[in-house]
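Novice: Heads up: the sequence shown begins at 1 in my numbering, then just goes up one per residue.
Please keep in mind that the hints were generated in silico from the structure rather than gathered at the bench. Every value quoted in this text rests on a predicted model; they were computed, and no experiment measured them. Please note: incorrect hints may appear among the correct ones.
[To be verified] Subject to a maximum C-alpha distance of 25 angstroms in a straight line, what follows is the list of computed DSS-like cross-link-like pairs (lysine-lysine): (1) K162 to K70; (2) K162 to K105; (3) K105 to K77; (4) K238 to K162; (5) K319 to K363; (6) K70 to K105.
[Claimed, not checked] Derived Cβ-Cβ restraints for the label pairs, each shown as a range: (7) E93 to D135: 22 to 32 angstroms; (8) D34 to A89: 33 to 43 angstroms; (9) E102 to G240: 31 to 41 angstroms; (10) Q229 to D34: 23 to 33 angstroms; (11) H5 to A226: 19 to 29 angstroms.
Even for Gly, the Cβ is constructed at its ideal location relative to N, Cα and C.
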Amino acid sequence: MNLSHPLPPNVTYEMLTAAFWLNRVSDHVFHTADTIAAFNRHVYEILNLPEISTLPDHLPAEQVVEQIEKYFDHAQKTRYGGSSQLLAASYFETLHHNALPELEKHIPVQFGLAVRRTHVRAFPSSDLIMAEPYDFAFDLAQETSIDVGWPVAVLLSSRDQKWSFCLVPHYWGWVAASDIATAPREQVQHYAESFPFVRTIANRGLVALEKGGGVTPQMGTRLPLAESQQVSIPVREKDGQLQLVCGSIHPEHFHTGDLPCTLANIFTQAFSLTGEAYAWGDSRLGIFGRDCSRFIKDVYATIGIILPRNGDQQGQAGKLRVAFSSDMSDAERTRLIVEHGQPGDILVIPTHVMLYLGHIEGKPYIIHDVTSGQNRIIVSDLLLGQGSPRGSLLSRLDRMVGVEL
């Protein structure tokens, strides 16, 4: 936590700890292993995405091409490159050509594991693509990231062989081929579902590899536990195949199994990230980080709940507590939050999601990863932004959902 930043309005230093908020509520286990599994299945249903382990051996080429083309549909708007130059139609035509090699009618599905934290891109390129000149913090080609040990289904390679179009958990996109090690379906599934396992509970967990070097999986990452303080880490052989090696974990950075599903654990994890810089799509000028929805996703992953990647999807996955209408006054919105909201719920506006902490004398507070002004994870009330052209967070709320069915 960096205390050198100025506090948002109506926030005190005491509010910057999980204990402050936990002292105001009763704590209990609010999900079991069965209800967590049911919620995670529900997420796949609302996303209308298959689980990697359930994919057939072949997919129709038109189904894969459809997913690739969706990203190019969004590229029809005016876009700018890394030097803030206007990107011509020919630029996207070249990208499109690289993305779609000659295909058979049915595409064989390969399986693999990510060998390091890596980007998931809209196009087979690491080029920066912006909506406005010099808007370097927002690379519109950056979709998300996956971490070491995450399973992937590899569907095709770009013409230059540098990129693989993949289905990763909850997402389609392009991943650098050098960051994936391929293996039989059964081996990948066994790795991803193996027991016992550990979860990263630090911002970045430290794993030292036997052969030297190491990896730093982000919060929420699951790794198979080989023996006490030892995990299996995937590495890529020269031929692209998977090899598993042993790594020693920092005992304070990992928890054996999922953390118990309590508000204390959720808030403790969330507040451990306070002050971390905002990073759209998990990357800010190539440096890994988190945005608002990834912040909430990683926190909940430590208890085994795997939320969708994007904020609007998170707002659809949870149990509706409150639906806000445009004609509601701030007083009415506040009353509904206080009466129906529960700490740990997700508050949603069209471009932002926030984790609800509770209220103080009827004033709701949140912890969230913001871009405007603060550019980091902060605690604030919902009046943040009041007087700006867009208005306060409170005035823009769309819905409030609980992370339950």
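Novice: Take the hints in turn and mark each one as holding or not.
Specialist: Here's how the hints hold up against the structure:
1. Simply put, K162 and K70 have alpha-carbon atoms about 21 angstroms apart, close enough for the 25 angstroms limit, and the pair holds.
2. Straight-line distance between C-alpha atoms of K162 and K105 comes to about 23 angstroms, which keeps the hinted pair within the 25 angstroms bound.
3. Between K105 and K77 the CA atoms are separated by roughly 31 angstroms; this puts the pair beyond 25 angstroms, and the hint is violated.
4. Using a Cα cut-off of 25 angstroms, the hinted pair K238 and K162 holds, with the two alpha carbons roughly 14 angstroms apart.
5. Our distance criterion of 25 angstroms between C-alpha atoms is met by K319 and K363, whose separation comes to about 22 angstroms.
6. Only pairs whose Cα atoms come within 25 angstroms are accepted, and K70 paired with K105 is accepted, the gap being roughly 19 angstroms.
7. For E93 and D135, the hinted distance range of 22 to 32 angstroms is satisfied, since their beta carbons lie about 23 angstroms from each other.
8. Under the hint 33 to 43 angstroms, the C-beta atoms of D34 and A89, about 52 angstroms apart, miss the expected range.
9. The supplied range of 31 to 41 angstroms is broken by E102 and G240, whose beta-carbon atoms lie about 21 angstroms from each other.
10. Range check, Q229 to D34: Cβ separation about 30 angstroms, and the 23 to 33 angstroms hint holds.
11. Look at H5 against A226: about 41 angstroms separates their beta carbons, and that is not inside 19 to 29 angstroms.
In terms of the numbered hints stated before, the structure departs from hints 3, 8, 9 and 11, listed from lowest to highest.
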